[in-house]
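These are the residues of each chain, in order.
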Amino acid sequence: MLNQPFWRKHRVAAAIGTLALAGTLQVQASTLRIAMTAADIPLTLGQPDQGYEGNRFTGIPLYDALVEWDLSQGEKPSGLVPGLATEWHVDPQNQSRWIFTLRPGVKFHDGTPVNADAIVWNVGKVLDKASPQYAPGQIGNTLSRMPTLTGAEKIDDHTVVLTTSEPDALLPYNITNLFIVSPTAWQKIFDAVPTSAGDTAARSKQAWTTFASQAVGSGPFKLEKLTPRQQLILAKNPDYWNKERIPRVDKVVLIPLPEANARTAALLSKQVDWIEAPAPDAVDQIKAQGFKIYANTQPHLWPWQFSFLEGSPWRDIRVRKAANLCLNRSELKSYLGGYMAEATGVYEEGNPWRGKPTFQIKYDPDSARKLMSEAGYSESKPLHVTVATSASGSGQMQPLPMNEYIQQSLKSCFFNVDIKVNEWNTLFTGWRLGAKDPSAQGVNAINVSAAVTDPYFGIIRFATEKAFPPTATNWGYFTTPETEKLASAVKHAFTPAEMDKAAGELHAALVDQAPFLFVAHDVGPRAISPAVTGVVQPQSWFIDLSLVSKKE
Amino acid sequence: MISTLFYRILLAIPTMLGVAVICFLLVQIAPGDPLVSVMPPDASEAMRQTLMQAYGFDKPLPVQFMHWLWRALHGDLGMSVATGRPVISEVMSAVSYSLRLALLATVMGFVLGSLFGFVAGYFRNSVIDRLASLLSVFGVSVPHYWLGMLLVIVFSVKFALLPATGGGPIGETGWQWDWAHLQFMLLPAITLSVIPTGIIARTVRSQVADILSQEFIVGLRARGLNESRIFIHVVKNAAPTALAVMGLQVGYLMGGSILVETVFSWPGTGLLLNTAIFQRDLPLLQGTIWVLALFFVLLNLLVDVLQTSLDPRIKRS
Numbered sequence: 001m002l003n004q005p006f007w008r009k010h011r012v013a014a015a016i017g018t019l020a021l022a023g024t025l026q027v028q029a030s031t032l033r034i035a036m037t038a039a040d041i042p043l044t045l046g047q048p049d050q051g052y053e054g055n056r057f058t059g060i061p062l063y064d065a066l067v068e069w070d071l072s073q074g075e076k077p078s079g080l081v082p083g084l085a086t087e088w089h090v091d092p093q094n095q096s097r098w099i100f101t102l103r104p105g106v107k108f109h110d111g112t113p114v115n116a117d118a119i120v121w122n123v124g125k126v127l128d129k130a131s132p133q134y135a136p137g138q139i140g141n142t143l144s145r146m147p148t149l150t151g152a153e154k155i156d157d158h159t160v161v162l163t164t165s166e167p168d169a170l171l172p173y174n175i176t177n178l179f180i181v182s183p184t185a186w187q188k189i190f191d192a193v194p195t196s197a198g199d200t201a202a203r204s205k206q207a208w209t210t211f212a213s214q215a216v217g218s219g220p221f222k223l224e225k226l227t228p229r230q231q232l233i234l235a236k237n238p239d240y241w242n243k244e245r246i247p248r249v250d251k252v253v254l255i256p257l258p259e260a261n262a263r264t265a266a267l268l269s270k271q272v273d274w275i276e277a278p279a280p281d282a283v284d285q286i287k288a289q290g291f292k293i294y295a296n297t298q299p300h301l302w303p304w305q306f307s308f309l310e311g312s313p314w315r316d317i318r319v320r321k322a323a324n325l326c327l328n329r330s331e332l333k334s335y336l337g338g339y340m341a342e343a344t345g346v347y348e349e350g351n352p353w354r355g356k357p358t359f360q361i362k363y364d365p366d367s368a369r370k371l372m373s374e375a376g377y378s379e380s381k382p383l384h385v386t387v388a389t390s391a392s393g394s395g396q397m398q399p400l401p402m403n404e405y406i407q408q409s410l411k412s413c414f415f416n417v418d419i420k421v422n423e424w425n426t427l428f429t430g431w432r433l434g435a436k437d438p439s440a441q442g443v444n445a446i447n448v449s450a451a452v453t454d455p456y457f458g459i460i461r462f463a464t465e466k467a468f469p470p471t472a473t474n475w476g477y478f479t480t481p482e483t484e485k486l487a488s489a490v491k492h493a494f495t496p497a498e499m500d501k502a503a504g505e506l507h508a509a510l511v512d513q514a515p516f517l518f519v520a521h522d523v524g525p526r527a528i529s530p531a532v533t534g535v536v537q538p539q540s541w542f543i544d545l546s547l548v549s550k551k552e
Numbered sequence: 001m002i003s004t005l006f007y008r009i010l011l012a013i014p015t016m017l018g019v020a021v022i023c024f025l026l027v028q029i030a031p032g033d034p035l036v037s038v039m040p041p042d043a044s045e046a047m048r049q050t051l052m053q054a055y056g057f058d059k060p061l062p063v064q065f066m067h068w069l070w071r072a073l074h075g076d077l078g079m080s081v082a083t084g085r086p087v088i089s090e091v092m093s094a095v096s097y098s099l100r101l102a103l104l105a106t107v108m109g110f111v112l113g114s115l116f117g118f119v120a121g122y123f124r125n126s127v128i129d130r131l132a133s134l135l136s137v138f139g140v141s142v143p144h145y146w147l148g149m150l151l152v153i154v155f156s157v158k159f160a161l162l163p164a165t166g167g168g169p170i171g172e173t174g175w176q177w178d179w180a181h182l183q184f185m186l187l188p189a190i191t192l193s194v195i196p197t198g199i200i201a202r203t204v205r206s207q208v209a210d211i212l213s214q215e216f217i218v219g220l221r222a223r224g225l226n227e228s229r230i231f232i233h234v235v236k237n238a239a240p241t242a243l244a245v246m247g248l249q250v251g252y253l254m255g256g257s258i259l260v261e262t263v264f265s266w267p268g269t270g271l272l273l274n275t276a277i278f279q280r281d282l283p284l285l286q287g288t289i290w291v292l293a294l295f296f297v298l299l300n301l302l303v304d305v306l307q308t309s310l311d312p313r314i315k316r317s
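Residue numbers (my numbering), protein chains in the order written: chain A, 1 to 552; chain B, 1 to 317.
To be clear, the hints were calculated from the coordinates, so they are not data collected in a lab. Be aware that one or more of the hints could be misleading.
What the hints assert, rightly or not - Okay, the calculated bits of chain B under chain A, using three or more residues with CB under 8 Å as the criterion:
| # | region |
| --- | --- |
| 1 | 47-59 |
| 2 | 72-84 |
| 3 | 147-157 |
| 4 | 169-180 |
| 5 | 257-264 |
| 6 | 269-276 |
Stated by the list, open to error - In silico negatives: residues of chain B with every beta carbon more than 10 Å from chain A:
| # | residue |
| --- | --- |
| 7 | 104 |
| 8 | 124 |
| 9 | 296 |
| 10 | 302 |
Keep in mind that this is a model prediction, so the values were computed, not measured. Think of the CB as a built atom: it goes at the ideal place given N, C-alpha and C, for glycine as much as any other residue.
Chain B extracted, bound-state conformation (with noise of 0.2 Å):
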C-alpha cells in the first residue's frame, strides 16, 4: 500500500512537470497581447515596447518559463498583470469557491446518478429502467448554460426564490454555511449535477447489470439470501467503479465549469479563468492552470488510495 502511494506520487512529479510546459507554451503562442489589459487599443508601439520590458515578456522564452516555474515551486505564482494581485492568493480563493461547487455537485450527481443507476441496473428494461435511463442521456446531453440559464429564468426571474448570480450577499467577503450564502450556490450546483449525475448512472447501471448476470450472483441466492443482502454485495462491487468516475467528475468540474460559473457569475476558477483568457493575463492563466492540474493529479491520487483500500483485488495486483 505505502508502496503503491509513494509510486503514485513519484509519477506525479513529472506529471505536473509536463503540465506545466505545456501551459506554459499554450498559453504563450495563443494569440493576443498580454498587456491587453494594462493598455488600450490606441497605445503606440513605444509605450507597448516599454511595458514589455516593464513586466518581463521581452525576456526569450525558455528563461521567461524557468523564471516562472522556479518561482513557482517556492508558491509564487507572480503576479497578475491586470489586477497587480498576487495570482496565488486570486487562485486559492476561487478555488475554495469551484471546490466548494463541484464537491455539492459532484455529491448530488453521485447520490441520484447512483440511484439512477442502481435502480435502472435491478429493473432492467422495465418502465423505470427506461425512464431513469432517459434521465441519464438528458444529463448527458442537455448543455450546461441552458440548462442554467432555464433555471435562472424560472427560480429567479419567474418566482425570485434564488438570487440570479453571484457568489454571496452585497456586503459581504468571504463564505460561510448559512442560507444567506448557500442560496446563491444552489442553482449553479444544480445545473453542474446534471452530467456527473447521467454519467454516474449510466456507468452503475451497466455495471449492475453486470455484477447481477454473474455467478457468485446465482450462488448467492442459490444459498437463500435475501435481496436486500444481495443488493448489499452488488453495491460493494460497483462501488470501486462509481468512485473512480465520481473522482474524476470533481477534478472535471474544477476546472470544466467555466461557462456555469459565467452564466452564475460565480467567483470560482471558471469565472477566472475566462477573465485571464479575455484579458490575456498570462501569469494568472497560467497559475490557474497549474494549480487546476495539480488539483487534477491529487484528486486522482486520492481516488486510487480510496478505490485500493476498498477493492481487495486491486490491493492484491
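Bound-form chain A, shown alone (with noise of 0.2 Å):
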C-alpha cells in the first residue's frame, strides 16, 4: 500500500524466491482504490445519495437499471443501451403506457430472478405507500429524476409496463435512475426484524438500513464490505451477464475523501490508485510524477440563469445577447487550467440534441457593444445587473473566480455586474423558489449550475410555464409559445430519431432566446496511477469500473 521505508524493502528482497514460487500457484488479485469527492459512501441500498457521484460509484457498479448509459466510449456522447431491458417502446394505444421486455436468464447476485415482479417490487419501494418496501428516504434521489413515473405492472415474467401521468417519451432516460434491487434479499432482512420493532414503516425503515450493508443487486460488482463513512469494498461479480462488462479487477476499494488536498495526498503517496477532482494546482505536479489526468466533457452546464420577470433588464434580448458575445470564454478556460469546455448552448456541436441555433454564441464583443448601445447603455450610462452565486457547491466549479472573471469581461460592454455571494444551500433553495421570492429581491441573474443529462434536465425544466416555481426550476419564469410548442413535440417523440430531431428544434430555439449567459461545461477531470489501464473516460457524469484494469 505504501511505498516501503529502503531498510524494509531489503527484507522484501529477501522473500522474493519465496514469493516468486507462491506467483506460479496463484495468480495476485488485483485491487483498484479510488478517493472519492463524497464526505460518506454514497448509499448502497439501491438508490445513491451523493449526486451523479453516488450513481457512479455504487448505483452503477451494484446494481442495473431497465436502461443504462453507454459508458463504453468517450468520442461522442453517452447515449442508451440496453440493460435489464432488451428492448422498450411506448403502448401505441395508449402513449401514457411504456412496455419493457426483460433480458431473459439475469439473476440478482443471490441467485434470485430478474423478472418482472422484480421491477413491480421496485417501483413500488419509490411510488407505493401501501407497500412494506416503500422507502420514503429513497423517494427524493428518485422521483426527483423520473416526474412523470405513476405506477408499474407485471404483464407477463418478461414484460413490464411502466405507466407515466402524461405521455413522455423522455421516461427511458429518467428510469436509468431507477436501480433494481433484490426483492427477495430484501424480504428476508424484513422478516428478520422483530415486530417489537414497531409497525410496518419502522421494520422497513430498519430493513432498508441493513440492507444497505448486504446489498443485493445484478450489477457487475457486488458488495463485500461497508465500512460506513471509511471504506466500500466491491468484489468481481464473474457470473455477470454482460460478458463485456466482467470486471478486469478483483477488487474495487471506494474512499470517501472530501479534501481535495486529503485526495491528492493521497493519490501522490500511492495509498490510493485513483482520485476525482485533483486539486487544481496540483495538477502539474499530480502530471509529472507520472500520473495521468483523465477528462471529457460532461452534461452540465454552468450558466446565469436570467430572470424575466417584470422590470429586469435580462427582458431586451439585445443585453442576453450581448452578455453572451462579450465574454471570453477562451481566456476563462485558460485560467481554469483548461479544465471546463466553452459553453455555447446546452449541448455542443455533435450532442443530436444541439439543433441548428441561428444564434452563434462566440466572443465579439463589438458587437455585443452595438447591441447594448442599441438597447440604450453606453459607458457613462452602464446597465447595473445583480447576479447570485456561491462560495462553492456541488458543479459549481469555482464560482468566485469565476464570476469575477466574468464582472471584468462583461464591464467592457456596459456591464456593472454586482455579485451576490450566498452559501450553497441557500443559494439552491433559493433557486427552487425562483425570482419572485422576497429571498430573491433585488438579482435578477442566478448562477446554478445543473445536470443536464436528457431534454427534460437540459431544456424544458427552463423553459416551459409548468416548469415554473415551485414545480421546477425555471428560476427566471422564461417562457416563449415556440418552446412550449418544441418541448410538448419533444415529450411526444418516442423513437430515438424523432427524439433528436425535436430537442435539436428546442435546443436551437432556446439558444437564439438566450435565456441564459452560457459559459462552461465541467469536464470532470480525475488523476489516476499509470498501472490503472483500460479507463474509458465518457462524455457522461458517470464511468465503467468494470472496463478498467490494474497492474499490481
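With the hints in hand, could you dock these two chains into one complex?
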C-alpha cells in the first residue's frame, strides 16, 4: 500500500524467491483503490445519494437498471443502451404506457431471477405507500429524476409496463436512475426484523438500513464489505450477464475523501490509485509524477440564468445576446488550467440535441457593445445587474474566480455586475423558490450549475410554464409559445430519431432566445495511476469501472 | 468529597439541558434545507413538502424539540437523514476514534508541554527558556491544518513513511492497537498535540516561575533540601493547574479537531460534524454536538475530582 522504507525493502528482497514460487501457484488479486469527493460512502441500498457521484460508484457498479448509459466510448455523447430490458416502446394505444421486454436469464447476486415481479416491486419502493418496501428516504433522489412515473404493472414474467402521468418520451432516460434490487434479499432481512421494532414502516426502515450493508443487486460488482464513512469494498461478479462488462479487477475499494488536498496527497503517496477532482493547483505536480489526468465534457452547464420578471433588464434580448457575445470563454478556460469546455448552448456541436441555432455564441465584443448601445447603454450609462452565486458547491466549479472574471469581461460591454455570494444550500433553496421569492429581491440572474443529462433536465425545465417555481427550476420564469410547442413535441418523440430532431429544434429555439449566459461545461477531471489501464472517460457523469484493469 | 461530587453531578444536569436547547436551536436557525442529502436541488416544492412530512420537519419547533429530548434521554438520538443509520451508533463510533486521537495528542502535549514548561520555568531568561518559549508560542500560533498538510507532504508524499489519510488499513473494520493501525494515527496526533503542548508549556512555565519565587521554596532551600527534592515540591504544586489545562484540552480536542480530522480523513467526531454540517443532517448534527457536550461536562467533572484528590487545599475549601 505504502512505499516501503529503504531498510524494509531489503527484507522484501530476501523474500522474493518465496513469493516467486507462490506466484506460480496463485494469481495475485488486483485491487483498485478510488478516492471519491463524497464525505461518506454513497448509499448502497439501490437509490444512491451524493448526487451523480453516488450513481457512479454505488449505483452502476452494484446494480442494473432497465435502460442504461453507454459508457464504453468517450468520442461522442453517451446514449442509451439496453440494460435489464432488451427492448422498449411506447404502447401505441396509450402513450402514457411504456412496455419493456426483460432480458432472460439475468439473476441477482443471491441467485434469484430478475423478472417482472422484481421490477414492479422496485417501482413500489418509491411509489407505493401501501407496500412494505416503500422507502421515503429514497423517493427524493429517485422521483425527482422521473417526474412523470406513476406506476408499474406486470404483463408476464418478461414483460413489464411503466405508466406515466402524461405521454413522456423521456421516461427511458429517467429510469436509468431506477436501480433494481433483489426483493427476495430485502424480504429476508425484513422478516428478520422483530415485530417489536414497531409498525411496518419502522421495520421497513430498519430493513433498508440493514440491506445497505448486505446489498444484493445484479450489477458487475457485489458488495463485499461496507464500513460506514470509511470504505466500501466491491468484489468482482464473475457471472455478470454482460460478458463484456465482467470486471477486469478483482476488487474495488471506494474511500470518501472530501478534501481535495487530502485526495491529492493520498494519490501522491500511492495510498490510492485514482482520485476524483484533484486539487487544481496540484495538477502539474500530479502529472510530473507520472499520473494521468482524464477529463471529458460532461452533460453539465455552468450558466447565469436570467430573470424575465417585470423590470428585469434581461427581458431585452439585445442585452442577453450582448452578454453572451462579450464573454471571452477561451481566456476563462486558460485561467482554469484548461479544465472546462466552452459553453455555446446547453449542448455543443456533435451532440444530437444541439440543433441549428441561428444565434452563434462566440467572443465578439464589438457586436456586443453595438447591441448594448442599441438597447440604450453606454460607458457613461452602464447597465447594473446583480447575480447570485455561492462560494462553493456541487458542480459549481470555482464560482468566485469565474464570476469575477465574467464581471471584468462584461465591464467592457457596459455591464456593471454586482455579485451576491450566498451559502450554497441557501442559493439552491432560492433557486427552487424562483425569482419572485422575496429571497431573490434585487437579484436578476442566478448562477446555479445543472446536470443536463436529457432534454427535460437540459431544456424543458428551464423553458416552459409547467416548470415555473416551485414545481421545477425555471427560476427566471422564461417561456415562449415556441418553446412550449417544441417541448410538447419532445415529450411525444417516441423514437430516437424523432427525439433527436425535436430536442434539436427546442435547443436551437432556446439558444436563439439566450435565456442564459452560457459559460462553461465541467469536464470532470480525475487523476489516475499509470498502473491503471483501460480507463474510458465517457462524455457522461458516469464511468464504467468494469472496463478498468490494474497492474499490481 | 462525596458531597462535592454530588453537587457537581447535580450542576451537570441543567448544563446538559441548556446545551440541548442551544444546540437544537442553533442547528434549526442555520440556513439551508435539512433534506438536502435526500433530495436533489432540482426537486420540486411538492416533493420537498412530502419529505418534510415524512421526516417530521413540518411539526412546530417546540414539538420537535420535546420529541427529540424525550428520545435522547432514553438513549435514542434518532436516525441520520442522509444514511438512515442510528445517530447513536454513528456518534459512538466517531467518539471512539476521536477519543483515541485526543488522548494520544494530549499525552504527547502533556509530556512535551510539561517538559518545556518546567525547563523554561527553572531556567528563566536563559537560552533554554527562550527556546522552550519559542516552541510553545509556535505551538499556540501555528494553524493546525497547515501543519497537518506539511506533515503529509513530508512524511507521506516525500518519504512515504506514514499514510496520508484514513482511519485504518484497507479491508479492515474497527480499531486494533497494532502498527498497521497506529501508523494512521501518528500524523494527526502530532498535528493535534501542538496546541496543547504550547498551552501547557506556557501555563507550567508561569506556574513554576511563580512557585519558585514563593517563600516556602526559600524555606526548603534554607533547610538544606537538594534541588531534586525541591523539584518534586514544585511539580506537586504545579500539577493541579497542569492537570486542569490538560482536561480542558482533551475536551477541546474531542470536538475541536474538525479541520485536522478533515485533512487526515480521520473518522472521528470532527469529520462527522463536518459531514453533518455540509449535508444539513440535523439529527446527526444535534446528536454529535450533544454527545460532545456531555463528554466535555464529564471530563470537567473528572478533572475536578482529580484536582480535589491531588490538592488538599481544594479538599479543605
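query: Counting residues of the region 147-157 of chain B whose CB is closer than 8 Å to a CB in chain A, do you get three or more?
result: holds (count 5)
field: Assertion that chain A covers the region 169-180 of chain B - criterion: three or more residues, beta-carbon distance below 8 Å
entry: holds (count 4)
Within 8 Å of chain A's CB atoms, at least three CB atoms from the region 47-59 of chain B: coverage verdict: With 6 residues closer than 8 Å to chain A, the region 47-59 of chain B meets the three-residue bar; holds.
- prompt: Does residue 302 of chain B sit more than 10 Å from chain A, CB to CB?
  reply: The claim holds: residue 302 of chain B sits with its nearest Cβ about 28 Å from chain A, beyond 10 Å.
query: Within the region 257-264 of chain B, is the number of residues with a Cβ closer than 8 Å to a Cβ of chain A three or more?
result: Coverage by chain A holds for the region 257-264 of chain B (3 residues, Cβ < 8 Å).
- request: Test coverage of the region 72-84 of chain B by chain A using CB-CB distances below 8 Å; three residues minimum.
  value: It holds, with 5 qualifying residues against the three required.
task: May I ask you to check that residue 124 of chain B keeps its beta-carbon over 10 Å from the closest beta-carbon of chain A?
output: Holds: least Cβ distance 41 Å, greater than 10 Å.
message: Three residues or more, CB to CB closer than 8 Å: is that satisfied between the region 269-276 of chain B and chain A?
response: holds (count 4)
- request: Confirm or reject the statement that residue 104 of chain B sits farther than 10 Å, beta carbon to beta carbon, from all of chain A.
  value: Given that every Cβ of chain A is farther than 10 Å from that of residue 104 of chain B, nearest at about 19 Å, it holds.
message: Using Cβ atoms and 10 Å as the threshold, tell me whether residue 296 of chain B really stays out of contact range of chain A.
response: Nearest chain A Cβ is 23 Å from residue 296 of chain B, so the label holds.
In summary, the structure agrees with every hint in the numbered list given earlier.
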